[in-house]
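Undergrad: From first to last, the protein sequence lines are chains A and B.
Under the numbering used here, the residue at position 48 of the first sequence is numbered 47, and the numbers go up by one with no gaps.
Under the numbering used here, the residue at position 307 of the second sequence is numbered 306, and the numbers go up by one with no gaps.
Each statement offered as a hint is correct.
Given that identical chains are not distinguished, each listed pair holds provided it fits within a single copy or across any two copies.
Mimicking DSS-like on lysine-lysine, the simulated pairs with C-alpha atoms at most 27 Å apart in a straight line are:
(1) K162 / K143
(2) K74 / K390
(3) K56 / K74
(4) K301 / K390
(5) K86 / K143
(6) K86 / K74
Think of the hints as simulated: they come from the structure by calculation, not from any bench.
Nothing here was measured: the structure is a model prediction, and the numbers come from that model.
2 protein chains.
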Amino acid sequence: MGKTGKQGHKKRYNSEQGTTIHSLNESSGGVSFGVSAGLRDAMEDALLNQNFEGVKKLLIDLRAQDISDLINHLKHRFREPLFHLLKEDLDPQILVGVTPSLQIELLNLLDIEQVVSVIKKLPSDDALGLLETMDEEWVHRILKRIPVSERSTFEQVLQYPDKSAGRLMQREVVCVPEHWCVAQVLTFIRDRPKSMVQLPRFFYDVFVVNPRHHPVGRVPVNQLLRHDSETLIQDIMMENVNAFPDVADQEDVAQAFKHYALVSAPIISSSGRIIGMVTVDDIVHVLEEEAEEDILYMNKVKGDSDFYAPIPTTAYWRTRWLLITLVNTLIASYVISQFQASIQQITALSFLMTINAAMGGNAGMQVVTVVVRALATRSLLEEDTWRAVRKELGVSLLAGGFCSLLLGVIAGFWVNSVTLGIILSVSLICNMLWASFAGTLLPIIVSRFNLDPAISAGPILTTTTDVFGYALFLGLATLFLM
Amino acid sequence: MGKTGKQGHKKRYNSEQGTTIHSLNESSGGVSFGVSAGLRDAMEDALLNQNFEGVKKLLIDLRAQDISDLINHLKHRFREPLFHLLKEDLDPQILVGVTPSLQIELLNLLDIEQVVSVIKKLPSDDALGLLETMDEEWVHRILKRIPVSERSTFEQVLQYPDKSAGRLMQREVVCVPEHWCVAQVLTFIRDRPKSMVQLPRFFYDVFVVNPRHHPVGRVPVNQLLRHDSETLIQDIMMENVNAFPDVADQEDVAQAFKHYALVSAPIISSSGRIIGMVTVDDIVHVLEEEAEEDILYMNKVKGDSDFYAPIPTTAYWRTRWLLITLVNTLIASYVISQFQASIQQITALSFLMTINAAMGGNAGMQVVTVVVRALATRSLLEEDTWRAVRKELGVSLLAGGFCSLLLGVIAGFWVNSVTLGIILSVSLICNMLWASFAGTLLPIIVSRFNLDPAISAGPILTTTTDVFGYALFLGLATLFLM
Numbered sequence: 000m001g002k003t004g005k006q007g008h009k010k011r012y013n014s015e016q017g018t019t020i021h022s023l024n025e026s027s028g029g030v031s032f033g034v035s036a037g038l039r040d041a042m043e044d045a046l047l048n049q050n051f052e053g054v055k056k057l058l059i060d061l062r063a064q065d066i067s068d069l070i071n072h073l074k075h076r077f078r079e080p081l082f083h084l085l086k087e088d089l090d091p092q093i094l095v096g097v098t099p100s101l102q103i104e105l106l107n108l109l110d111i112e113q114v115v116s117v118i119k120k121l122p123s124d125d126a127l128g129l130l131e132t133m134d135e136e137w138v139h140r141i142l143k144r145i146p147v148s149e150r151s152t153f154e155q156v157l158q159y160p161d162k163s164a165g166r167l168m169q170r171e172v173v174c175v176p177e178h179w180c181v182a183q184v185l186t187f188i189r190d191r192p193k194s195m196v197q198l199p200r201f202f203y204d205v206f207v208v209n210p211r212h213h214p215v216g217r218v219p220v221n222q223l224l225r226h227d228s229e230t231l232i233q234d235i236m237m238e239n240v241n242a243f244p245d246v247a248d249q250e251d252v253a254q255a256f257k258h259y260a261l262v263s264a265p266i267i268s269s270s271g272r273i274i275g276m277v278t279v280d281d282i283v284h285v286l287e288e289e290a291e292e293d294i295l296y297m298n299k300v301k302g303d304s305d306f307y308a309p310i311p312t313t314a315y316w317r318t319r320w321l322l323i324t325l326v327n328t329l330i331a332s333y334v335i336s337q338f339q340a341s342i343q344q345i346t347a348l349s350f351l352m353t354i355n356a357a358m359g360g361n362a363g364m365q366v367v368t369v370v371v372r373a374l375a376t377r378s379l380l381e382e383d384t385w386r387a388v389r390k391e392l393g394v395s396l397l398a399g400g401f402c403s404l405l406l407g408v409i410a411g412f413w414v415n416s417v418t419l420g421i422i423l424s425v426s427l428i429c430n431m432l433w434a435s436f437a438g439t440l441l442p443i444i445v446s447r448f449n450l451d452p453a454i455s456a457g458p459i460l461t462t463t464t465d466v467f468g469y470a471l472f473l474g475l476a477t478l479f480l481m
Numbered sequence: 000m001g002k003t004g005k006q007g008h009k010k011r012y013n014s015e016q017g018t019t020i021h022s023l024n025e026s027s028g029g030v031s032f033g034v035s036a037g038l039r040d041a042m043e044d045a046l047l048n049q050n051f052e053g054v055k056k057l058l059i060d061l062r063a064q065d066i067s068d069l070i071n072h073l074k075h076r077f078r079e080p081l082f083h084l085l086k087e088d089l090d091p092q093i094l095v096g097v098t099p100s101l102q103i104e105l106l107n108l109l110d111i112e113q114v115v116s117v118i119k120k121l122p123s124d125d126a127l128g129l130l131e132t133m134d135e136e137w138v139h140r141i142l143k144r145i146p147v148s149e150r151s152t153f154e155q156v157l158q159y160p161d162k163s164a165g166r167l168m169q170r171e172v173v174c175v176p177e178h179w180c181v182a183q184v185l186t187f188i189r190d191r192p193k194s195m196v197q198l199p200r201f202f203y204d205v206f207v208v209n210p211r212h213h214p215v216g217r218v219p220v221n222q223l224l225r226h227d228s229e230t231l232i233q234d235i236m237m238e239n240v241n242a243f244p245d246v247a248d249q250e251d252v253a254q255a256f257k258h259y260a261l262v263s264a265p266i267i268s269s270s271g272r273i274i275g276m277v278t279v280d281d282i283v284h285v286l287e288e289e290a291e292e293d294i295l296y297m298n299k300v301k302g303d304s305d306f307y308a309p310i311p312t313t314a315y316w317r318t319r320w321l322l323i324t325l326v327n328t329l330i331a332s333y334v335i336s337q338f339q340a341s342i343q344q345i346t347a348l349s350f351l352m353t354i355n356a357a358m359g360g361n362a363g364m365q366v367v368t369v370v371v372r373a374l375a376t377r378s379l380l381e382e383d384t385w386r387a388v389r390k391e392l393g394v395s396l397l398a399g400g401f402c403s404l405l406l407g408v409i410a411g412f413w414v415n416s417v418t419l420g421i422i423l424s425v426s427l428i429c430n431m432l433w434a435s436f437a438g439t440l441l442p443i444i445v446s447r448f449n450l451d452p453a454i455s456a457g458p459i460l461t462t463t464t465d466v467f468g469y470a471l472f473l474g475l476a477t478l479f480l481m
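Only chain A is shown next, with the shape it has when bound in the complex (with noise of 0.2 Å):
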């Protein structure tokens, strides 16, 4: 294959072009957007057999967004071939739009001048993504291709941290002066010379900033058309605007974008001047994409596209969590060995130790998942640690002293032993106390080396409880019934 889809259907994905109105599907009363299963499928068909017409009526009307979706939707051996039927007319915005495996595979069925090309015609923010899925020497032998007026752009902002707000950012910006009427500022972006940085795409506050390029004040674009042309901008600009340093966290920025329900922020470099912008757009998915690795990692699954990889791959991400798994369950079953004899003796022991295990690892992922996220969200300040840890050791006292005593009194009449009960209850509610303790400090601590806590904190904690579980309870058995 490779060449033949070539002719006829320039321009029918264009992203820009169609209204959508998105209807209710009749049987789940839900909206439908993207691609539909029987689209999927019609399209593997042609694939299948080879129908190159059927593939091209097929993409007519999607938008590059829906074909970016219909490729993550394929069967893994199809999507190598619609995309080389997509390559001779690309358009670029359906790499952006691919989860990031699928970005590099694809990049890499492309020769240099082509990726060149989509690299070029993408908006700095979107091309600077694909950069970064790229490793270095590709970056290098790219960058080399490309002008050097863009170029220096690209390499300046590479130097700033991985997810940091100059990463995230977009050059292109508004700034006026405050002493400026209404007419001058659109004068200024109607009219402004070639020379100068471009115009965002799209903008949405105008900012204000004082002789020294330092921001003071913002006008949202809208209040620029409500306004009469001899309007100072400072009789309408609103003075609360947030400004983010160019190092600061992406994630950091985001949060603070919720907060203050913000739209466009400006970035400042480190003498305090007006660098670039960012906008909402950008912070949805910086927002998701944390959300989703923490719920991902919490539950021991790789943080990406884990949905739309091959089996073999999902098969290999999934093992590695697994074997993490498979070592502290090696451990706990190391720890019950060592008490075998009791348990021969008492095999009651036998099935009421896993309660204590359970109980005990159910309660602390309830308290580091709410640790997690309130890293997260910003809402645990890290001067708060020990009042964090105070407050979850009083919640066990209550919610574990109750499962505690309800379970000894449940298993003391079960095995008709009160000694049982009363070992069952101890152990348990020491057991529980641990999971907050560790569960509210291991996040925290994970999170001080830099490392996700959603990451590392499950996994350990379990193993703690676990062991802790089995050895306190077996050990207070041994000691008081053997």
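Given chain A, work out where chain B should sit, using these hints.
TA: For chain B alone, coordinates are given in the frame of chain A:
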């Protein structure tokens, strides 16, 4: 206390004031925003000592969102006294920013006239958010005291289903016919008659409508600024409008916003007329809420404000989830207890059996997590259920097969029994296949019943993998070794 803090702090916590330069925190490298622990402590001190001058000083320069944040962070017993001081000259935005359970608490401290004044002062979507937290009788009483014109708007919006686009939208939206020129649009915006629907406080797109008021295009506001006043709207309008029905689920709308990187979108009635718009800042909250709920529910924590709630409340919420674990673990214990005779004879069973349950539970949680998120982000199409099941079974066969083999060999050597090694391997792979099968189907089935897949899939699945894991391993061992 109560009325002491009245005079003098008018306008001081005006939310429209003050340029905020978010500086980097030297020690953590993070960006500070919101409330510091120092401010919180100082406030608690001042309230404890009834030092109301001190309280007022601390409130100076705080924006409404920061005051909300401060209230969230205060110990429970200080929240009411502070709110009493704020009450006399209340910035209604403060109520918008506190956690939902606190909103109810604080609203109860106001008399009905004060609540009515809060509702009147807020933009319609924020006011609606507050009304939604109140019980029906209160809403009824409040609406009776609001002028008919505003009241009918609220009443109409409250008729939309909970969490629908109609609830999320603001009714203020700018619509223009396509034959107008830029100058006409600007005049329309500047000099619209008072009788018409108000302009939105912020808007990013002007929507182009046909004579039937159906959407046919949009013009980003910055485009209006860039073109000459004679330019026709139809020449600069973009045709890619995404319009959503008023009854659409807000999560569907949010996912579509993310998918197509939208900033604002018109909401249409069943006849296709534009009746409002949704903007991206609302969408940020919907997306976060959805992800947050998934995280918390999957790890058995209540959906909101657990972090800020007082200890007894948190303990109560956590206990309800722990009771589910308690029942789950008692069922598992009961299953184990049925095999006491076998365990007494071969005590190795007591420590090997936990491996099976732990591995099955973890593999199941991996699958549930991926499926729950794929459902939330609309990546998993309903028609593809069996495709997803097939994939997960394939992954399980590879990942589970590898782990089972490895653990079988380890266990065989450990307890020096080939038969036990084989029994562990076989029961383990069966349990992991079950975990994949049930882990894929359960969230899908649960969501068909319009329940949140995250809430119900985790606990149910773990119970089955525990029971299945113990029963199969101990059953096979009893069958072949006794």
